[in-house]
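Asks: The hints should help you fit chain V onto chain X, whose structure is shown.
If you read the sequences in order, they're chains X and V. For what it's worth, our numbering labels the leading residue of the first sequence as 11, then goes sequentially. For what it's worth, our numbering labels the leading residue of the second sequence as 4, then goes sequentially.
Simulated from the structure, these hints should not be mistaken for lab results. On a predicted model such as this, the values are computed, not experimentally measured, just so you know. Even glycine gets a Cβ: it sits at the ideal position worked out from N, Cα and C. One or more hints might be untrue.
Unchecked claim - Chain V side only, calculated, beta carbon under 10 Å to chain X, not exhaustive:
| hint | residue |
| --- | --- |
| 1 | Ala45 |
| 2 | Arg49 |
| 3 | Leu336 |
| 4 | Asp341 |
| 5 | Lys361 |
| 6 | Lys405 |
| 7 | Gly409 |
| 8 | Asp463 |
| 9 | Val492 |
Residues per chain, in single letters:
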Amino acid sequence: MIAIINYQAGNITSVANALNKLGVDYVITADKEIIRKADKIIFPGQGRAGQAIKELKKAGLIDLIKNTSVPFLGICLGLQILATSSDEDNTRCLGIIPGTVKKFSSELKIPQIGWNKVNLTKRSFLTQDIPDSTYFYFVHSYYLITENKYIIGKTNYDIEYPTIINKNNFYATQFHPEKSGDVGLKLLNNFCKLC
Amino acid sequence: MLVIPAIDILNGKCVRLTQGNFSLAKKYSNNPVQMAKRFTQAGATRIHIVDLDGAKSGKPINFTLIKKTRQSTPAILEIGGGIRNLKTAKTYLDLGIDKIIIGTSVIKNLKLIKNLIDKYGSQRIIIGLDLNKDKIVINGWKKTSQQNYLSLAKKLKKIGTREIICTDISRDGMLSNPNLEPIKKLQALGFWVIISGGIANINTIKKLQTQKFYGAILGKALYENKINFKQAIKLTKTTNNLTKRIIPCLDVKNNQVVKGIKFKKLTFAGDPAELGKKYAEAGADELVFLDITATLEKRKTLCSMVQKIANNIFIPFTVGGGIKSVKDISAVLKAGADKIAINTAGVLNPKLIKQASKKFGSQCIVVAIDTKKVNNDYFVYINSGKTKTKLKVLDWVRQVEKLGAGEILLTAIDRDGTKSGFDNNLLRQICSTVNIPIIASGGAGKLADFKNAIIKGGADAVLAASIFHYNKKTINTLKKYLKKNNINVRI
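Same shape as in the complex, but just chain X:
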């Protein structure tokens, strides 16, 4: 059973719809005990870093997530909260993946909204059967800076920045796979098949 963490702000329904389509069992919850027993965890992303960390604290989930050994997928904001810190609301994040989250600063529009290419830089189960330079759907104003060894895919929006990352059992995408059509469903399905 996959636990989708309900932190009162994410686009949880979209993720749930996608898992329905894939025929995967899931539960939407903020209950510590249920999440502890889940065999996978998804943290869907929308909202703000400060608020998300606050909600996780409130639900007593911070240590649980940090110490989990089951496959974990962070989406969008769910990628950013894995970092050490975020400039959004000056937030101290989970510190699972060393790195900082900064706001885009350029003449390009902010937020970045729309379909952008992901260049795959490393092989991973998560991106199995997904071609290089595939378009995924993005909506965000902040981006992660981290070490190359954690990066599976990168994207260009004025700067080149990581958009698929992985460390041990932690995976995350800056884009929304649940909103990226068939190829997004493929990525989610790859995650669901991880053990």
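Replies: Just chain V, lined up with the frame of chain X:
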């Protein structure tokens, strides 16, 4: 980094001065319009134009040429020289000139700058600071003031200035090295600073690029072939693979997709869930679902229908119509929408936009604006285009950006359903005014209309209904056409 080619016009010709000295003007071309076209073809996305006659005389002299240039290039145009009152500024901005540069008035009339920024926003008003050592030079560099640039900059910051073009006149046209000290100091104050004067070769550009400066204006070095413009563009170009979006719109009334002309004469076009799925499979980048009767009949958006659509659609999905409260938004998002569109309720209660973007994030909040031109100004209309408000559209877009809107869905009512093309001049003005994505709506008929909304209007996304519903054009045909015209789309 932006590299911006400069076109200085004197007596209708394209010239370069040396250290601002008019008697040392050297002519490079008889045709500034042609020059702008050439720069555009070489990859310029922004062009700097100075009406030197205007700068000298305090009023625009080469206006007709500048108007022709506007019609000849989609590049962002910034114009300076002789803009010293609101009327001249308005003439240029209404014409679709993206940004105007104010120089002399920084000394003589700071209030004008404040008024301009209040009226048009900081994105369209650039301050030109021409420096002689640390003093400001005005009147086409004919007069050095006693004003220190840094103390002036602090005042400019207070009135909302964002962009500054900084020219060191001792370096201008000298093909020496630019003086970076004032640039760094201005940047430290938080301005976006464009360097002008003294950029002599490609190595200087490389150096500026690595130091992450915002922009640089190239003049004499281009005309004297010291810098190859294409090379400079290639060197500084930022890669951006974000595609332009094609968004079919489903206007829904009584659970059916309908389409009207100028918001009236509604005809049936299909079932929302079926059409939505069809478009998603056909390559739509997003869907917009507007319950067009919701506001009028004071109904809440039909969450069950949203749910039905969302179950089968794995691309982003915006829902609008009758959304009046944070509670409504919560319900619609829970039903499966990714974003919500606020129109009438946002005008009547702007706080809603703020509350909603704070709670759900800006990315979630699309502000839909319906507008119509009345006596030279575009006004905001509410209640499905039935009620005119006193709000001018250029004021409203800036306000909603400040309130936290993530996107603007702009419909020109007079074009809606007419298939006569988008209102590209309006789009252009809005895109230069705010920095959030703009979705163009109203008027799509031919493939070229989409291209023009993106290239001439500057739209980030185009929304259409009739053209898709009645199988006039498929999404794929449209995307292939746009790609052929060098517009980045997802195919």
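Asks: All the hints need checking, so say for each whether the structure fits it.
Replies: Taking the hints in turn, this is what the structure says about them:
1. Ala45: violated, 19 Å
2. Arg49: holds, 9 Å
3. Leu336: holds, 7 Å
4. Asp341: Hint on Asp341 of chain V: holds, closest Cβ of chain X at ~6 Å, below 10 Å.
5. Lys361: Check passed: Cβ of Lys361 of chain V comes within 8 Å of chain X, closer than 10 Å.
6. Lys405: At 14 Å from the nearest chain X Cβ, Lys405 of chain V fails the 10 Å test, so the hint is violated.
7. Gly409: holds, 6 Å
8. Asp463: holds, 7 Å
9. Val492: holds, 9 Å
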